Amino acid sequence: SQQGEEDPQALSIQEGENATMNCSYKTSINNLQWYRQNSGRGLVHLILIRSNEREKHSGRLRVTLDTSKKSSSLLITASRAADTASYFCARFDVGAQKLVFGQGTRLTINP
Amino acid sequence: EAQVTQNPRYLITVTGKKLTVTCSQNMNHEYMSWYRQDPGLGLRQIYYSMNVEVTDKGDVPEGYKVSRKEKRNFPLILESPSPNQTSLYFCASSTQQDPSSGNTIYFGEGSWLTVV
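Residue numbers (the working numbering), protein chains in the order written: chain G, 1 to 111; chain H, 112 to 227.
For reference, chain G alone in the conformation it holds in the complex (with noise of 0.2 Å):
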């Protein structure tokens, strides 16, 4: 069952252009992370950022946490065909030892 709130649900950009998703989530957190996912396939790890770190870069992905706010950001930079894929952001319940994901952003990169 997701908890949390991605938004936007689908995006569809141009080659080139940056993409930004949200995620929004209800509790207190100590870390947040993303991953993405192929059609089908596995989910790859992006991004790991704690609760006491507000923006964290890996190559053309750039995090950010607002843990006032409860909400996350991914932003894509200079996107690539191969970056359509679907975007998770998770938590984790520390109760329920178990990831609790977002809905998801559906990303699409037109050539």
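Because the hints were derived from the structure by calculation, they are not lab data.
Because the structure is a prediction, the values reported are computed rather than measured.
For glycine and all other residues, C-beta sits at the position ideal for the given N, C-alpha and C.
Watch out, some of these pointers could steer you wrong.
[Stated by the list, open to error] Covered by chain G, per the in silico footprint, the following chain H stretches (three or more residues, Cβ under 8 Å):
hint : segment
1    : 124–135
2    : 145–157
3    : 160–171
4    : 197–207
[Claimed, not checked] The list that follows gives simulated cross-link-like pairs (lysine to aspartate or glutamate, DMTMM-like), each with its CA atoms no further than 25 Å apart:
hint : chain 1 : residue 1 : chain 2 : residue 2
5    : G       : 26        : G       : 15
6    : G       : 26        : H       : 170
7    : H       : 176       : H       : 141
8    : H       : 168       : G       : 93
9    : G       : 26        : G       : 5
10   : H       : 176       : G       : 55
11   : H       : 182       : G       : 93
12   : G       : 26        : G       : 55
13   : G       : 26        : H       : 149
14   : G       : 56        : H       : 112
Once you've looked at the hints, dock chain H against the given chain G.
Leaving out everything else, chain H in the frame of chain G:
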């Protein structure tokens, strides 16, 4: 290379025929977990394990069994599969017994299971 390996990747089976989906990780992780992913329902945890011989139920454990006899392996067993277990299954692992402390959780490539 850090890996979580699942097998089989694709399987079509018949109702009632016992099957096992294997999961193996090469990172000496204590924590392992199984999820299933279904359209409209997202990812739901089936079982998890904090260490060898320690397993616990997730959100949807009915119809599944697991075992953790060795640290690297965490097989998912469907004793009598039914069509409602048709799904995409993921195994995941993480270092430390408390992944909430900030450790990356790695996922396998997924296993497509169809029960007819």
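Outcome of the hint check:
Taking a C-beta to C-beta cut-off of 8 Å, the segment 124–135 of chain H contributes 0 residues in contact with chain G, too few for the three needed, and the coverage statement is violated. As drawn, the segment 145–157 of chain H meets chain G at 6 residues by the rule of a beta-carbon pair under 8 Å; at three or more, the given contact holds. Counting residues of the segment 160–171 of chain H whose C-beta lies closer than 8 Å to any C-beta of chain G gives 4; at least three are required, and the coverage claim holds. Residue count for the segment 197–207 of chain H with a Cβ under 8 Å from a Cβ of chain G: 3. That meets the three needed, and the coverage hint holds.
About 33 Å separates the Cα atoms of residue 26 of chain G and residue 15 of chain G, which puts this hinted pair outside 25 Å; it is violated. Restraint check for residue 26 of chain G and residue 170 of chain H: the C-alpha separation of about 19 Å stays at or below 25 Å, so the hint holds. Taken as a hint, the residue 176 of chain H and residue 141 of chain H pair is honoured in the structure, with Cα atoms around 19 Å apart against an allowance of 25 Å. The suggested pairing of residue 168 of chain H with residue 93 of chain G holds, with an alpha-carbon distance near 14 Å, which does not exceed 25 Å.
At most 25 Å may separate the alpha-carbon atoms for a hinted pair to count; residue 26 of chain G and residue 5 of chain G meet this at roughly 9 Å. A hinted pair counts as satisfied when its Cα atoms are at most 25 Å apart, and residue 176 of chain H with residue 55 of chain G does not qualify at roughly 40 Å. A hinted pair counts as satisfied when its Cα atoms are at most 25 Å apart, and residue 182 of chain H with residue 93 of chain G qualifies at roughly 22 Å. Taking the CA atoms of residue 26 of chain G and residue 55 of chain G, the gap is about 20 Å. The hint holds against a cut of 25 Å.
Taking the CA atoms of residue 26 of chain G and residue 149 of chain H, the gap is near 23 Å; set against the 25 Å cutoff, the hint holds. A hinted pair counts as satisfied when its Cα atoms are at most 25 Å apart, and residue 56 of chain G with residue 112 of chain H qualifies at roughly 23 Å.
Checked against the numbered hints listed earlier, the structure breaks hints 1, 5, 10; every other hint is satisfied.
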